[in-house]
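Those protein sequence lines, which keep their order, are chains A and B. The numbers in the UniProt record's numbering rise by one with no breaks, and the one at position 200 of the first sequence is 200. The numbers in the UniProt record's numbering rise by one with no breaks, and the one at position 60 of the second sequence is 60.
It is possible that some hints are incorrect.
To be verified - Derived pair list, reagent style SDA-like, types lysine to any residue, alpha-carbon separation capped at 25 Å:
(1) A:K3 with A:S104
(2) B:K66 with A:K4
(3) B:K90 with A:G117
(4) A:K201 with B:F133
Claimed, not checked - Covered, in the sense of this in silico footprint (three residues per stretch, anywhere, with C-beta under 8 Å from a C-beta of chain B), are these stretches of chain A:
(5) 78 to 86
(6) 164 to 170
Just so you know, these hints were derived from the structure itself, not from any lab. No residue lacks a Cβ here, since even glycine has one placed at the ideal position from N, Cα and C.
If you want the building blocks of each chain, they are given just below.
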Amino acid sequence: MFKKDINPAPRQKLKSSIQRSLRANFVETYPLVTPFIDEIMPKKASLEQMKLPDRVSLYVQDGVPLFFQHDNDALLPHLRLVHRFPQCFPTIRIDRGAIRFVLSGATLMAPGLTSPGGRLPLPDAREGKETLGEGAPNEGADEEGRWSRELEKGEPVVVMAEGKEEACAVGVLVMGTKECKEKGKGPVIEEAHFLGDGLWKLNFD
Amino acid sequence: MAETASASREVVYCGVCTLPPEYCEYGGTTKKCQEWLEKANPALYERIWSAEALEAATASLSIEAKERAAKDAKKKAAKAEAAEQKQAEKLSSSVVTIKRIERNKRKYVTSVSGLEAFGLDLKKVAKDFGKKFATGSSVTKVPSGGEEIVVQGDVSDEIEEFLLEKYKEIPEDNIELVEDKKKKGAAAG
């Protein structure tokens with residue numbers, strides 16, 4: 001989506017009602033951010049919208065990018081936000097060999113996830129574990145980086161990488177993780193926002 | 001933002017390629033990133049680039065895959081270097097042209113082209129010109145494609161001075177004064 005460099009566009013302040021609905025939308029999409037939402041989006045700070053090419057709008061707060069949205073699709077967190085709150089977003093992990101392709105903008109394919117270095121969700125691994133906070137659903141990643149619930153097609157997901165601490169991409173699944181395990185081939189995430197792409201390099205000063 | 005709260009993590013980003021340092025090896029400017037990190041954050045450097053860490057990282061790959069990755073990285077680095085060189089060359093060869101155009105006998109406009117090669121925002125520069133000379137100043141498209149700044153009045157000499165003073169990245173030799181209409185010779189810098 002952002003393979004090419006993007007020129008910064010003028011930013012518009014958003015109405016507080018729109019800010020509120022965005023906030024609600026964001027919490028709904030990512031229930032795990034509930035405990036931190038006041039830190040991510042303080043009620044006082046004003047949110048700005050930046051319109052990017054291809055009908056993408058990016059939401060920026062105090063010069064910090066928070067999330068972006070294509071048309072009216074799901075809100076996707078900007079990678080800088082993911083790095084700050086990595087525990088709030090469902091993750092999958094790719095193996096080492098796939099990193100360089102993902103970082104040059106390739107579609108994420110299933111073999112990068114099903115190989116020994118990759119991590120797909122493993123349901124029921126998290127029973128009896130403590131929750132992140134009140135009201136947050138009981139899900140999360142285990143020590144190995146396997147998410148505790150199968151992710152459906154169309155769900156936004158953060159892509160981690162083998163041997164790395166930080167996330168390397170964000171995108172929407174085009175294949176459910178269960179199907180991915182069964183099939184073992186084909187595209188899993190298309191058009192992601194990855195480290196070093198145009199959106200990442202966008203300047204907010 | 002409130003970084004004091006427990007939940008938010010501070011992530012170090014590489015000053016060269018802006019990626020988290022772990023990912024520098026994919027950025028194409030690996031060498032420079034390494035140097036930067038060694039200076040800026042020795043602890044992290046030790047963790048990522050120490051011999052053991054590299055060993056552990058590549059252990060899981062087959063020899064073939066390793067070779068391929070190395071080749072790819074080399075190619076990328078070469079590409080990045082070439083791009084950088086090209087840019088530097090372009091910068092040194094690009095010329096800012098200040099042109100005085102006769103509009104109506106004793107009335108002139110001054111057009112400035114070539115500023116975008118130095119990474120300047122034409123709109124902003126035009127605004128600055130307008131403020132400085134208290135005249136109209138606008139960004140116009142030229143038929144050959146691209147854009148130039150047109151300033152009302154004959155301010156060619158002042159613009160040259162102003163450019164040299166305000167935007168130090170433009171070398172003096174790269175500014176060219178041209179007088180239109182009479183086609184008199186250009187007096188460089």
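Do the hints match the structure? See the list:
no.: 1; hint: A:K3 with A:S104; verdict: 8 Å, holds
no.: 2; hint: B:K66 with A:K4; verdict: 28 Å, violated
no.: 3; hint: B:K90 with A:G117; verdict: 44 Å, violated
no.: 4; hint: A:K201 with B:F133; verdict: 35 Å, violated
no.: 5; hint: 78 to 86; verdict: holds (count 5)
no.: 6; hint: 164 to 170; verdict: holds (count 4)
Taken one by one, the earlier hints fail for this structure at numbers 2, 3 and 4, listed in ascending order.
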